[in-house]
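Take a look at the letters that make up each chain.
Number of protein chains: 2
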Amino acid sequence: MNSAICGRCSAWRPPPLEVLAAPGQSPHLARVGNDGLAELVARCPDRFVAFVASLPMDDPDAALREMERALDTLGAKGVQVYTNVLGEPLDAATFQPLFEEAARRDVGIWLHPARYDTFPDYLGEDKSLYEIWWTFGWPYETSVAMARLVFSGLFDRCPDIKIITHHMGGMIPYFEGRVGYGWDQLGTRTTDEDYSGLLRSMKQRPIDYFRRFYADTALFGALAGTRCGLDFFGVDHVVFATDIPFEPTPGLYCRETISVIERLDLPDDHKDQIYRRNAERLLNIGGA
Amino acid sequence: MNSAICGRCSAWRPPPLEVLAAPGQSPHLARVGNDGLAELVARCPDRFVAFVASLPMDDPDAALREMERALDTLGAKGVQVYTNVLGEPLDAATFQPLFEEAARRDVGIWLHPARYDTFPDYLGEDKSLYEIWWTFGWPYETSVAMARLVFSGLFDRCPDIKIITHHMGGMIPYFEGRVGYGWDQLGTRTTDEDYSGLLRSMKQRPIDYFRRFYADTALFGALAGTRCGLDFFGVDHVVFATDIPFEPTPGLYCRETISVIERLDLPDDHKDQIYRRNAERLLNIGGA
Chain A
1 MNSAICGRCS AWRPPPLEVL AAPGQSPHLA RVGNDGLAEL VARCPDRFVA FVASLPMDDP
61 DAALREMERA LDTLGAKGVQ VYTNVLGEPL DAATFQPLFE EAARRDVGIW LHPARYDTFP
121 DYLGEDKSLY EIWWTFGWPY ETSVAMARLV FSGLFDRCPD IKIITHHMGG MIPYFEGRVG
181 YGWDQLGTRT TDEDYSGLLR SMKQRPIDYF RRFYADTALF GALAGTRCGL DFFGVDHVVF
241 ATDIPFEPTP GLYCRETISV IERLDLPDDH KDQIYRRNAE RLLNIGGA
Chain B
289 MNSAICGRCS AWRPPPLEVL AAPGQSPHLA RVGNDGLAEL VARCPDRFVA FVASLPMDDP
349 DAALREMERA LDTLGAKGVQ VYTNVLGEPL DAATFQPLFE EAARRDVGIW LHPARYDTFP
409 DYLGEDKSLY EIWWTFGWPY ETSVAMARLV FSGLFDRCPD IKIITHHMGG MIPYFEGRVG
469 YGWDQLGTRT TDEDYSGLLR SMKQRPIDYF RRFYADTALF GALAGTRCGL DFFGVDHVVF
529 ATDIPFEPTP GLYCRETISV IERLDLPDDH KDQIYRRNAE RLLNIGGA
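First to last, the sequence lines map onto chains A and B.
In terms of the working numbering, the first sequence opens at residue 1 and continues consecutively.
In terms of the working numbering, the second sequence opens at residue 289 and continues consecutively.
Incorrect hints may appear among the rest.
[Said to hold, decoys possible] With a Cα cut of at most 20 Å, we get these calculated DMTMM-like pairs of lysine to aspartate or glutamate:
hint: 1; chain 1: B; residue 1: Lys415; chain 2: B; residue 2: Glu388
hint: 2; chain 1: A; residue 1: Lys127; chain 2: B; residue 2: Asp482
hint: 3; chain 1: A; residue 1: Lys127; chain 2: B; residue 2: Asp524
hint: 4; chain 1: B; residue 1: Lys415; chain 2: A; residue 2: Glu125
hint: 5; chain 1: B; residue 1: Lys415; chain 2: A; residue 2: Asp243
hint: 6; chain 1: A; residue 1: Lys127; chain 2: B; residue 2: Asp531
hint: 7; chain 1: B; residue 1: Lys491; chain 2: B; residue 2: Asp531
hint: 8; chain 1: B; residue 1: Lys415; chain 2: A; residue 2: Asp231
hint: 9; chain 1: A; residue 1: Lys271; chain 2: A; residue 2: Asp243
hint: 10; chain 1: B; residue 1: Lys415; chain 2: B; residue 2: Asp448
hint: 11; chain 1: A; residue 1: Lys203; chain 2: A; residue 2: Glu100
hint: 12; chain 1: A; residue 1: Lys127; chain 2: A; residue 2: Asp91
hint: 13; chain 1: B; residue 1: Lys415; chain 2: B; residue 2: Asp444
hint: 14; chain 1: B; residue 1: Lys491; chain 2: B; residue 2: Glu356
hint: 15; chain 1: A; residue 1: Lys127; chain 2: B; residue 2: Asp519
hint: 16; chain 1: A; residue 1: Lys271; chain 2: A; residue 2: Asp231
hint: 17; chain 1: A; residue 1: Lys271; chain 2: A; residue 2: Asp236
hint: 18; chain 1: B; residue 1: Lys559; chain 2: B; residue 2: Glu544
hint: 19; chain 1: A; residue 1: Lys203; chain 2: A; residue 2: Asp231
hint: 20; chain 1: B; residue 1: Lys491; chain 2: B; residue 2: Glu376
hint: 21; chain 1: A; residue 1: Lys127; chain 2: B; residue 2: Asp379
hint: 22; chain 1: B; residue 1: Lys415; chain 2: A; residue 2: Glu100
hint: 23; chain 1: B; residue 1: Lys491; chain 2: B; residue 2: Asp519
hint: 24; chain 1: B; residue 1: Lys415; chain 2: A; residue 2: Glu39
hint: 25; chain 1: A; residue 1: Lys203; chain 2: A; residue 2: Asp243
hint: 26; chain 1: A; residue 1: Lys127; chain 2: B; residue 2: Glu413
hint: 27; chain 1: B; residue 1: Lys415; chain 2: A; residue 2: Asp46
hint: 28; chain 1: B; residue 1: Lys559; chain 2: B; residue 2: Asp496
hint: 29; chain 1: B; residue 1: Lys491; chain 2: B; residue 2: Asp444
hint: 30; chain 1: A; residue 1: Lys203; chain 2: A; residue 2: Glu256
hint: 31; chain 1: A; residue 1: Lys127; chain 2: B; residue 2: Asp480
hint: 32; chain 1: A; residue 1: Lys203; chain 2: A; residue 2: Asp91
hint: 33; chain 1: B; residue 1: Lys415; chain 2: A; residue 2: Asp236
hint: 34; chain 1: A; residue 1: Lys271; chain 2: A; residue 2: Glu256
[To be verified] Covered, in the sense of this in silico footprint (three residues per stretch, anywhere, with C-beta under 8 Å from a C-beta of chain A), are these stretches of chain B:
hint: 35; region: 394-401
hint: 36; region: 510-517
If you're looking for bench data, these hints aren't it; they were derived computationally from the structure.
Being a predicted model, the structure only gives us computed values, none of them experimental.
The beta carbon of each residue, even a glycine, is placed where N, CA and C say it ideally should be.
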């Protein structure tokens with residue numbers, strides 16, 4: 001992708017929450033957006049091999065219908081959802097038909113963080129300062145959403161579901177020890193809920209479910225972090241991504257992310273998986 | 289340290305918030321606690337080479353006095369503060385005399401995360417589920433507190449201040465790219481504050497301030513994460529720690545953390561820094 005597609009992206013600002021939440025508008029906006037993406041793919045096949053559809057998640061029935069329309073009519077190769085839906089978690093019962101249908105159709109679900117400065121970092125404050133909501137809040141959102149999906153039993157209901165997390169899986173790889181030994185002890189830090197039944201009902205250790213997510217390489221050129229994430233998810237669960245065009249100078253994240261992968265000393269076959277084959281598999285598109 | 293010192297630690301539960309917040313009690317409780325730690329060090333010098341003092345941070349004047357008492361009278365070798373004070377941030381003006389006095393005395397400040405299930409993970413919920421407040425919330429707290437101290441200008445006012453962060457520096461090393469290129473663009477994601485003056489007033493890139501923190505190795509045996517954290521902070525800013533006794537089986541975190549450091553393929557001199565010399569320097573105690 002090239003930022004010249006839309007020069008205005010580099011001046012992107014989060015829209016005000018009331019725009020995001022405009023009641024009843026989301027199914028229409030999702031259709032407009034997905035129609036536009038389908039058109040872009042049709043017009044620029046040399047640039048875009050496929051697109052994944054946006055969904056009006058504040059209207060779960062409409063989201064399911066739009067997913068079906070985008071996949072069946074527009075040729076979408078997956079869907080993207082956000083880590084919360086107007087402040088509600090993805091493990092809510094209303095969203096489960098959508099996850100289950102995506103799993104049944106074997107299409108990938110891209111999970112993108114969503115948080116604004118309206119989510120404070122301290123109980124005594126009203127908003128997040130210094131864009132902490134973005135720097136740390138987004139990976140936190142990703143991590144929380146992953147945990148909620150794990151503990152809701154999604155992977156036991158849909159063992160083959162494919163969920164692709166942004167920014168190399170949020171906080172999971174770096175805090176593998178907390179996710180591992182820490183959550184093996186789920187319940188020992190809680191007095192007002194009994195989590196022992198939940199822990200017993202899980203077919204694997206909690207951490208093993210987290211390894212079933214996919215992760216992308218959008219860490220903005222962080223070599224040590226990329227190595228850590230790859231170590232956690234494994235070479236068959238990591239896909240190339242850059243977060244273009246949100247860099248200080250055009251093309252920087254693409255160049256640096258490629259440079260990082262080249263410096264990982266991976267065999268060519270592993271690099272080919274990360275650059276291409278894993279994405280082809282997730283998108284169900286032709287290839288090696 | 290040995291969990292046999294207090295067998296009840298392994299059954300630790302967070303105290304209810306009203307106990308933590310009992311008005312007016314904190315100076316007394318801090319004195320009792322610090323007197324007890326001083327006594328423990330005096331009685332078991334073979335086990336404890338030093339202690340760092342707890343402070344009644346909800347009463348900043350009393351906290352400053354207790355720091356002075358603990359350092360001058362009890363022989364404390366540093367202080368520990370938490371990432372928030374009853375929901376308020378550490379960059380509040382009332383806490384700056386304490387940070388400045390610690391810097392003037394060249395004593396280390398250990399920064400421990402604090403968060404309970406009372407801090408929800410979604411704007412639409414009232415509490416955090418599945419102990420996410422602990423698994424991810426604690427490193428998030430650490431990261432946010434570090435950012436607030438950086439952007440408050442603490443390191444420009446106190447260039448030599450020594451702050452030791454828990455769990456290998458929270459999220460900073462893994463998200464080095466977001467902290468780096470992301471915060472080089474501070475302000476581009478904000479419409480209701482003008483951060484351009486702040487960014488211009490900083491003597492270094494934001495990320496360079498984050499490298500001035502110290503970090504401990506308490507990642508519960510996570511090899512890839514430890515390597516990533518060490519890469520970020522450097523061998524002279526990482527100190528050995530294990531988070532004993534909060535492991536599933538006694539001694540596990542100590543054994544695994546040592547095993548991780550041994551598997552990093554570091555020269556003996558670097559291992560000696562991590563195991564011993566960096567701590568001696570931070571604690572101002574004798575040694576090589």
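Results of checking the hints against the structure:
The hinted pair formed by lysine 415 of chain B and glutamate 388 of chain B fails the criterion: a straight-line CA distance of about 35 Å is larger than 20 Å. For the suggested pair lysine 127 of chain A and aspartate 482 of chain B, the alpha carbons sit about 15 Å apart, so the restraint of at most 20 Å is met. This hinted pair does not check out: lysine 127 of chain A and aspartate 524 of chain B have alpha carbons roughly 36 Å apart, beyond 20 Å. For the suggested pair lysine 415 of chain B and glutamate 125 of chain A, the alpha carbons sit about 17 Å apart, so the restraint of at most 20 Å is met.
Distance check on the hinted pair: lysine 415 of chain B and aspartate 243 of chain A sit about 32 Å apart at the alpha-carbon level, beyond 20 Å; violated. For the given pair, lysine 127 of chain A sits about 32 Å from aspartate 531 of chain B by alpha-carbon distance, which is inconsistent with the 20 Å threshold. A threshold of 20 Å between alpha carbons decides the hint, and for lysine 491 of chain B with aspartate 531 of chain B the separation of about 35 Å lies outside it, so the pair is violated. About 32 Å separates the Cα atoms of lysine 415 of chain B and aspartate 231 of chain A, which puts this hinted pair outside 20 Å; it is violated.
Annotation: proposed proximity of lysine 271 of chain A to aspartate 243 of chain A holds, straight-line Cα distance about 19 Å (limit 20 Å). Pair hint lysine 415 of chain B plus aspartate 448 of chain B does not hold up; C-alpha atoms about 39 Å apart against a cutoff of 20 Å. With a C-alpha separation of about 19 Å, the suggested pairing of lysine 203 of chain A with glutamate 100 of chain A holds against the 20 Å cut-off. For the hint pairing lysine 127 of chain A with aspartate 91 of chain A, the CA-to-CA distance comes to about 25 Å; that exceeds 20 Å, so the pair is violated.
Annotation: proposed proximity of lysine 415 of chain B to aspartate 444 of chain B is violated, straight-line Cα distance about 37 Å (limit 20 Å). Simply put, lysine 491 of chain B and glutamate 356 of chain B have alpha-carbon atoms about 31 Å apart, too far for the 20 Å limit, and the pair is violated. About 32 Å separates the Cα atoms of lysine 127 of chain A and aspartate 519 of chain B, which puts this hinted pair outside 20 Å; it is violated. Between lysine 271 of chain A and aspartate 231 of chain A, the direct Cα distance comes to roughly 14 Å. Compliance with the 20 Å bound is thereby established for this hinted pair.
At most 20 Å may separate the alpha-carbon atoms for a hinted pair to count; lysine 271 of chain A and aspartate 236 of chain A meet this at roughly 10 Å. Taken as a hint, the lysine 559 of chain B and glutamate 544 of chain B pair is honoured in the structure, with Cα atoms around 15 Å apart against an allowance of 20 Å. For the suggested pair lysine 203 of chain A and aspartate 231 of chain A, the alpha carbons sit about 23 Å apart, so the restraint of at most 20 Å is broken. For the hint pairing lysine 491 of chain B with glutamate 376 of chain B, the CA-to-CA distance comes to about 27 Å; that exceeds 20 Å, so the pair is violated.
A threshold of 20 Å between alpha carbons decides the hint, and for lysine 127 of chain A with aspartate 379 of chain B the separation of about 15 Å falls inside it, so the pair holds. Distance hint between lysine 415 of chain B and glutamate 100 of chain A is unfulfilled; the C-alpha atoms sit about 27 Å from each other, more than 20 Å. For the hint pairing lysine 491 of chain B with aspartate 519 of chain B, the CA-to-CA distance comes to about 23 Å; that exceeds 20 Å, so the pair is violated. Note on lysine 415 of chain B and glutamate 39 of chain A: the hinted pairing is violated, with a Cα-Cα distance of about 43 Å set against a maximum of 20 Å.
Of the pairs offered as hints, the one joining lysine 203 of chain A and aspartate 243 of chain A is violated, with about 35 Å between alpha carbons and a cut-off of 20 Å exceeded. Between lysine 127 of chain A and glutamate 413 of chain B the alpha-carbon distance is near 17 Å, which keeps this suggested pair within the 20 Å criterion. Of the pairs offered as hints, the one joining lysine 415 of chain B and aspartate 46 of chain A is violated, with about 48 Å between alpha carbons and a cut-off of 20 Å exceeded. Between lysine 559 of chain B and aspartate 496 of chain B the CA atoms are separated by roughly 24 Å; this puts the pair beyond 20 Å, and the hint is violated.
Between the alpha carbons of lysine 491 of chain B and aspartate 444 of chain B the distance comes to roughly 8 Å, so the proposed pair stays at or under 20 Å and holds. Using a Cα cut-off of 20 Å, the hinted pair lysine 203 of chain A and glutamate 256 of chain A is violated, with the two alpha carbons roughly 39 Å apart. Under the criterion of a C-alpha separation no larger than 20 Å, the hint pairing lysine 127 of chain A with aspartate 480 of chain B is consistent with the structure, at around 11 Å. Straight-line distance between C-alpha atoms of lysine 203 of chain A and aspartate 91 of chain A comes to about 18 Å, which keeps the hinted pair within the 20 Å bound.
Restraint check for lysine 415 of chain B and aspartate 236 of chain A: the C-alpha separation of about 36 Å exceeds 20 Å, so the hint is violated. Proposed proximity of lysine 271 of chain A and glutamate 256 of chain A is supported: the alpha carbons are some 15 Å apart, at most 20 Å. Proximity of the region 394-401 of chain B to chain A, defined as three or more residues with a beta carbon under 8 Å from a beta carbon of that chain, is not established by the 0 residues found. Remark: the region 510-517 of chain B is confirmed as covered by chain A, as 7 of its residues place a Cβ nearer than 8 Å to a Cβ of that chain, reaching the required three.
Of the numbered hints stated above, those contradicted by the structure are hints 1, 3, 5, 6, 7, 8, 10, 12, 13, 14, 15, 19, 20, 22, 23, 24, 25, 27, 28, 30, 33, 35, listed in ascending order.
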